[in-house]
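Peer 1: Here is how the chains run, residue by residue.
Protein chains: 2
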Amino acid sequence: MPAYNAFYGQSGGVTSVINASAAGVIQTARKYPEHINKLYVGENGILGALTENLIDVSLESDSDIEALRHTPCGAFGSCRYKLKSLQEHKREYERLIEVFKAHDIRYFFYNGGGDSQDTAHKVSQLSESMDYPITCIGVPKTIDNDLPFTDSSPGFASVAKYVAVSILEASLDVASMSSTSTKVFVMEVMGRHAGWIAAAAGLATSDDHDLGPDIILLPEVEFKQQAFLDKVNATIHRKGHCCVVVSEGVKTPDGKFLSDSGVTDAFGHAQLGGVAPVVADLIKHADGHKCHWAVCDYLQRAARHIAAATDVEHAYALGRAAVEFAVQGENAVMPTIVRTSNNPYRWEVGKAPLSKVANVEEMMPPEYIDEDGFFITEACRKYLQPLIVGEDYPPYKNGLPDYVVLQKHKVAQRTPSFTVS
Amino acid sequence: MPAYNAFYGQSGGVTSVINASAAGVIQTARKYPEHINKLYVGENGILGALTENLIDVSLESDSDIEALRHTPCGAFGSCRYKLKSLQEHKREYERLIEVFKAHDIRYFFYNGGGDSQDTAHKVSQLSESMDYPITCIGVPKTIDNDLPFTDSSPGFASVAKYVAVSILEASLDVASMSSTSTKVFVMEVMGRHAGWIAAAAGLATSDDHDLGPDIILLPEVEFKQQAFLDKVNATIHRKGHCCVVVSEGVKTPDGKFLSDSGVTDAFGHAQLGGVAPVVADLIKHADGHKCHWAVCDYLQRAARHIAAATDVEHAYALGRAAVEFAVQGENAVMPTIVRTSNNPYRWEVGKAPLSKVANVEEMMPPEYIDEDGFFITEACRKYLQPLIVGEDYPPYKNGLPDYVVLQKHKVAQRTPSFTVS
Chain A
534 MPAYNAFYGQ SGGVTSVINA SAAGVIQTAR KYPEHINKLY VGENGILGAL TENLIDVSLE
594 SDSDIEALRH TPCGAFGSCR YKLKSLQEHK REYERLIEVF KAHDIRYFFY NGGGDSQDTA
654 HKVSQLSESM DYPITCIGVP KTIDNDLPFT DSSPGFASVA KYVAVSILEA SLDVASMSST
714 STKVFVMEVM GRHAGWIAAA AGLATSDDHD LGPDIILLPE VEFKQQAFLD KVNATIHRKG
774 HCCVVVSEGV KTPDGKFLSD SGVTDAFGHA QLGGVAPVVA DLIKHADGHK CHWAVCDYLQ
834 RAARHIAAAT DVEHAYALGR AAVEFAVQGE NAVMPTIVRT SNNPYRWEVG KAPLSKVANV
894 EEMMPPEYID EDGFFITEAC RKYLQPLIVG EDYPPYKNGL PDYVVLQKHK VAQRTPSFTV
954 S
Chain B
534 MPAYNAFYGQ SGGVTSVINA SAAGVIQTAR KYPEHINKLY VGENGILGAL TENLIDVSLE
594 SDSDIEALRH TPCGAFGSCR YKLKSLQEHK REYERLIEVF KAHDIRYFFY NGGGDSQDTA
654 HKVSQLSESM DYPITCIGVP KTIDNDLPFT DSSPGFASVA KYVAVSILEA SLDVASMSST
714 STKVFVMEVM GRHAGWIAAA AGLATSDDHD LGPDIILLPE VEFKQQAFLD KVNATIHRKG
774 HCCVVVSEGV KTPDGKFLSD SGVTDAFGHA QLGGVAPVVA DLIKHADGHK CHWAVCDYLQ
834 RAARHIAAAT DVEHAYALGR AAVEFAVQGE NAVMPTIVRT SNNPYRWEVG KAPLSKVANV
894 EEMMPPEYID EDGFFITEAC RKYLQPLIVG EDYPPYKNGL PDYVVLQKHK VAQRTPSFTV
954 S
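Those protein sequence lines, which keep their order, are chains A and B. 534 is the number of the first residue of the first sequence in this note's numbering; add one for each residue after it. 534 is the number of the first residue of the second sequence in this note's numbering; add one for each residue after it.
Some clues are possibly wrong.
Because identical chains cannot be distinguished in the list, a pair is counted as satisfied if it fits within a single copy or across any two copies.
[Unchecked claim] Restricting the straight-line Cα-Cα distance to at most 20 Å, the calculated cross-link-like pairs of lysine to aspartate or glutamate (EDC-like) are:
1. Lys617 / Glu894
2. Lys764 / Asp820
3. Lys571 / Asp595
4. Lys930 / Asp741
5. Lys823 / Asp793
These aren't lab readings, by the way, just hints derived from the structure by calculation.
Take the sequences, apply the hints, and build the full model.
Peer 2: Right, here's the structure in full:
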């Protein structure tokens, strides 16, 4: 069997460990020269394939590729671009085949969340319908932890660690200040549909002490304003202050995002996002408590400085497994994390068919949410706890993490230019 | 000379290293039993003295006191309470003497920023006017870095490191996403009057790469909206995206906080703080760029997980020096950091009289701000760079920092109860 070239792309919102998966793909591909000749990486994911902007990673130094393990976000650029059906986007699909043929690409590794696994699945369908053989393997990644079949998704555990560490520290702050000043601290985290990230903040609360969040607002639970305010007041009455973690996706009973509930700027424009200030305002105007609030936004998913060691291992292992599956003749699958033991935590690599992964979102199960809807259960804690264990600090230089910026040598173009619709 | 008891209190907004100063005070006081008998810590700073809520730290274990070195925020509670003049607050001053006499307290260590140094100074004046001898030593602390005489203030360097690391990471994120999505990232940091914290974000920008912030908005520079928008657009044109760091204290030409410029909630109430969403809105509505924004708030000053090693050393050393000054017979002074060499960075402990420290705020000097007002100069970078060097990670347990919560045994009250006005 002759060796062919391979394509790898990063897709969707980035994470602090997606480059560790890239390192897994790149370093493993180098071990199988009898199967994989050159590995080309798309600049900005699938867009790099469509526009024939390919990066030849064989020209990067070994040490720079190794440094991807500790460098957050998408070293090759990511994209938010979802291929529609073969009927609707016929021109794009034909273009992909044109570029793949021009560069002798017969392996397709796509690193992303649900939408990206859908893209990988469509490319594998394309391979059949257009009679050009391509081995398609998805590499899971999402901070939202909402991919099916995998016990957790690379990227999530590090955000989980970041939010748990951050709210633990902020709870110490508000506890210090509450006698004469701030009574409530509100921290907004990501999670438009699934509350896994907000839930992870609950790991900072333990029986040992009275720190961490007192209330967690999840998108899976309809926001009940009075019950929430009552719980804030009861908490302040009991311990002098209250810490709230709120997911950006929390909705009011009428189905609207709470973040959209009427905040306008000086021009009357609806303001950009931000559910934490809305929650802080509700508390302040209802009961007069002094509030502070934070919005983590990109800081949480880019925070490689406090990544979970387990997450880095998962990310690398799934990148490596994707290539191993491909050279073993697997196709249209995604490697997954299978938890084989909870205590001690043990895991191994499994696999799931792309056809079943694409476009499925895993929400928090009801048994992970407390009866009153304002906290996680012990079952949820047991699931989350092992994921955040272990630190994997990047090297530092002059006080800052020494993140790598690659050379990104472009492959000479061989096809006419193409504009994405 | 007989030994007397001592008082220590934490005051003002807390930091990630103020407890390291507490450890310095407590551990050093234990070394001088011939001068200092018991060390009592005020619960919530000076309020603990006024209300006779004193904590006997001799009952804490040595390992718990040692753990204060790596535990952020105020382990004994802080307060925002400023004593007015002797005339206005005569009853409070008499009460202080009553409590100090009842507990044989003749040493007063107060750990805080400008207002707190003013309190320490007033207590030393009280000592003279009320003819009760008290040795008063201030211990500097402020994330704002605006105390005079000291080269830097404990607490600042760790916030500096946090914001530089965070914006470095976020800049990698927006660079990854900008081809199809977010073009601008705005990060809000603290600094109501002085721009030191926002300035420190500039350390993430270097000649080696094109990461970190492109624009820094300082409270020392009047916000010029069109010039700002032009610079954002020019940056996006050049590199595809733009990172902005904005200090909460930025003001418009009419002298108002930019954060107050007309953002209202659904009820028409002015919204609580938040200059980042205001800046993001300006950009979005002027030029249509997709923006993301983060507000660090307490996360930045409580972030012991990424504290600067130099800062932890400073904080501990100044706590130790305060006690050493006191037992050497100094009075009404504050230990300071004196920089003796920039490269390699070297420092030693100096001292300044409380009378000159109180109520002075050190702003960024003009030579630290770029000509166009949107960035820091090389001189500023040279000052800031050594401060963020070195990591001092706390120990971890189950994936989270193992911060200590003290026992806080109360000293039996000996005076009638007292209500603070």
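Peer 1: Against this structure, judge whether each hint is valid.
Peer 2: Results of checking the hints against the structure:
Proximity of Lys617 and Glu894 under a CA criterion of 20 Å is satisfied intra-copy only: 18 Å inside one chain copy versus 59 Å between copies. Taking identical chains as interchangeable, the C-alpha atoms of Lys764 and Asp820 lie at most 20 Å apart only when both belong to the same chain, with a minimum of 12 Å there against 42 Å between chains. Taking identical chains as interchangeable, the C-alpha atoms of Lys571 and Asp595 lie at most 20 Å apart only when both belong to the same chain, with a minimum of 15 Å there against 60 Å between chains. For a Cα distance limit of 20 Å, the shortest separation of Lys930 from Asp741 across copies, 12 Å, qualifies, whereas the shortest one inside one copy, 37 Å, does not.
Within a single copy, Lys823 and Asp793 get their C-alpha atoms only as close as 22 Å, which misses the 20 Å cut-off; across copies the closest is 17 Å, which meets it.
Violated hints: none; the structure is consistent with every hint.
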